[in-house]
Amino acid sequence: MDSLDSASPQSPRTSDFRDNADARFKVIDRVIKRHQFQQDALIEVLTAAQESFGYLREDVLAYVARRLQLPPSWVYGVATFYHFFSLQPQGHHQCIVCLGTACYVARSAEILAALEKRFGMKAGQTTSDGELSLTTTRCLGSCGLAPVLVLDGEILGRQSAESAVTRVEALLHETESPSSQAVSRSTESEEKP
Amino acid sequence: MNRVELQAMAETERNRQKAFQCRFLCCVGTPCLSAGGGVVQEALKQAIAVQGLDATVEVVGAGCMGPCSRGPLVRVLPAGGEEAIYEHMTPEKAGALVEAFAGPGCSSFPEESRISSDSPFFGKQVKIVLSGSGRVDPDRLESCVAEGAYTALAHALREMTPEEVCQEVVRSGLRGRGGAGYPTGVKWNLMRKAQGERKIVVANGDEGDPGAYMDRTLMESDPHRVLEGMALAAYAVGADQGYVYVRGEYPLAAQRIQRAIQAAERQGLLGNRILESRFNFRVDVRMGAGAFVCGEETALMASIMGRRGQPVPRPPYPAQRGLWGLPTLINNVETFGNIAPIIQHGGEWYAGYGTEKSRGTKVFALAGKVSWTGLIEVPLGITLREIVFDIGGGIPGGRSFKAAQTGGPSGGCIPAAHLDTPMDYESLQELGSIMGSGGLIVMDDRSCMPDVAKFFMEFCMDESCGKCAPCRGGTVQMVRLLQRITDGGAAPEDLEQLKELCLLLKETSLCGLGQTAPNPVLSTLRHFREEYDAHIREGRCPAGVCDLSGNSME
Amino acid sequence: MAAVTLTLNNELISAREGQTLLEVIRDHGVDLPTLCHLDGLSERGACRLCMVEVEGTSRLLAACVTPVQEGMNIRTDSDRLLRYRKMLVELLLAERSHVCSVCTMNGKCELQALAVRLGIDHVRYEALHPALPVDASHGRFVLDHNRCILCGRCLRACDEVEGAHTLDVMGRGVRSRIIVDFNQPWGSSFTCTGCGKCVQVCPTGAMVARENIAGRVEKRPDFLLRILDGRQKRVWRW
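Residue numbers (this note's numbering), protein chains in the order written: chain A, 236 to 428; chain B, 10 to 563; chain C, -7 to 230.
Any given hint could turn out to be false.
[As the list claims (entries may be wrong)] Computed list of chain B residues with no C-beta within reach of chain C, every gap over 12 Å:
| # | residue |
| --- | --- |
| 1 | GLY280 |
| 2 | PHE288 |
| 3 | ASP293 |
| 4 | PRO324 |
| 5 | ARG546 |
| 6 | LEU557 |
[What the hints assert, rightly or not] Pairs of lysine to aspartate or glutamate, EDC-like flavour, derived with a Cα cap of 20 Å:
| # | chain 1 | residue 1 | chain 2 | residue 2 |
| --- | --- | --- | --- | --- |
| 7 | A | LYS352 | A | GLU366 |
| 8 | B | LYS515 | C | ASP221 |
| 9 | C | LYS78 | B | GLU96 |
| 10 | A | LYS261 | A | GLU286 |
| 11 | C | LYS78 | B | GLU516 |
| 12 | C | LYS78 | B | ASP503 |
I should point out that these hints are in silico values taken from the structure, not numbers from a laboratory. Yeah, the Cβ is synthetic: ideal placement off N, Cα and C, and Gly gets one too.
Throw the hints in and build the complete structure from the sequences for me.
Shown next, in the form of structure tokens:
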């Protein structure tokens, strides 16, 4: 955005992505081609772009808009409408607290409050060191296991405020000490209480 | 593939299955997998390999078996014997099971962790939509065909005209399972008569109601059932293109549907010249990206076309001018799940279940404070009491039943006084709730009703698309009022203002989200008014949930 | 085109088939308020102010998007409708910061005029007062989000008439906001033609021309029809 602010009313950084040899743009190209350059495939293309880049950088949005021949505000409007798209970089680790009805009835709001307090953040934010992103979701359909927490894609059922904090701490601790990183994350967190 | 080849495929697969002495079906639905189902399946496979039983024992993935809170679940099917389901499986228990069943006389069922077959959880259920779930391997077309997949389609393409297919659905009395309950057959007939160069069929799998996961389960457990229903619809209304719109939170369901489409296309069960007839029908998957409002049909279409998922005023209805201006039929995933059985057994057979105005069965996701939570399919008209106390096994921990929430953010709370209400479209509406897509969350005496109302109103505020003024501004104001009530800072006038806003949203909002957003407030006001009064006049939360001291942070 | 007859506030009237209720109602001199509707633009159906009662249906219908039908019996002035209109305008006033006394559009604002007409002397709802920026980066125009009611006239004029699609909406719900290109300062836009149509059609002080800031404001939202007639029918009414 900053570079755009100062830019004269001209097309931004046309050369930027031309010169960009980043292979990730090729991934976007492939998806666009698969959808025959149809503008209707915008959501599919943005999804692919977010998967390759981790989030939707502005030059990525600009690239998608130009390839699909859509106006910038259209693409930006779609990218900010849907929850799945993020225009900010996400943390190294992802923690999602389910706030669906069954989880809410099982007091998942207390879990969220405990996590927010412990890590000094609000839902929707990423810690300043870029380690942890905390988000919420409205039902994952695992209501039988309520309340539910998702840590880096792994669904953990029947959590409490304490257990949730412990799990997230363990996850963060793991990356802090490089020696333990060799241990597969999924198996290690399986064994942690 | 033609009809004869389809039958041959079914026969071959049935014989293949019969050859096994014992088959282990492991649930590979999301809830069981998150409870560790994958590890259990591996352990079973390993135990069998170790004992050298690969030729006589088979371990396969299967869909949802029902009692999700007891997962991982494993169904055991010994040759010729009765079957059994085992709950809370672990790799250790898996080893023991193999020992017990795989030996020479494999008829002795270990009692540990076995779910009794006469458990009331199963007793009152009637499985039509879910007849294949938990029995077929969703990733193997042959397994689904062996249970009858695509038989109804083959029959319809050969023996029935499109009009007759519509008529059969009319006769069945089937109503839309997405919530509103519009008669499916009537919708199909309108669509059949609609003029258009091409027509499109859409399966709405944007199951956004929190606590509802019927559609996901069906897509994960028996994807061919959904696809066959869509193909029958396409044949009946004259469409050649289909879309399955899958909620973004359901990657596994999307993957299974995608694989099922590919498998069906390879065998000529979808695509061009289906079953060697002149009927063509292509299906594509579209993923949502996290917006509840996309369950609304005009927003859903906007989303399929890659735009902001904002509703547009109707008319024109999708059947007149839908995707890309073409007539478009949109039905819920579960609705499509009913079609193949209706065509196979006849509309009258289907109409034999349920009540006069609400025919057939409905899948509910039973969750919250009941002993047995999970996915159930029951004939419409069953009472709430039977669902909660017989199927659900009552409230655990000696607590008492307070309310059942149906219909998610568009529905309401049904109090104990109405436990004997039959579950059908009209009765639920009379109580101020709706059938909805089928989420049913039981609450005990520790749930505070104004707090629950606030929860749903916050949901609607977050999910409002922001297009129309009443929904955008009204939901925020209602959340503020409810917040004041649960914080203990509300005055009696606030309640009047809340009620007035409820009516405004209901009557002036552009789409169903805003129109139904007041329902949780209205129904709790109607059935639990004394709780609101306790908060406002006495500064007290009867359920002990709310902090009324005014110290609350937000 | 075939004529249809219908009843409007107890009066028998006739209309042409294919007209919307709003057109018919206005043709007959009934001043039904609207904010998102503008002659020459597609209908958005978003402000919900033109809701009317139609006999035979319990639901209220938005006149701007409802086609007229033979025999309809329409009411535009029931107590219920007046109450709802008032509430809708109050919700809009509570949503952003509408302080008329310091607004360039004071006296010319459609929202203000409507509030006066509906007798709104105070707003019953909690003012949300979101802290929103004022974009004064453009050489000729100013965009003040605090006065925006999200009617969407500007973006439709930009897309449908000018063809630039510089403007759109970002976010959703109460956090929705009008954006320029990639949510950037208007002055840095590389798609804006500077035509000013958005400013002309804006009903409030959310979009104004710089030269207006200190002086009088003259907006001409009706010029859209003139342009469109010129383009499509080759006739110029003035």
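If you test the structure against every hint from before, which numbers come out violated? The structure conflicts with hints 4, 8 and 9, although it agrees with all the remaining ones.
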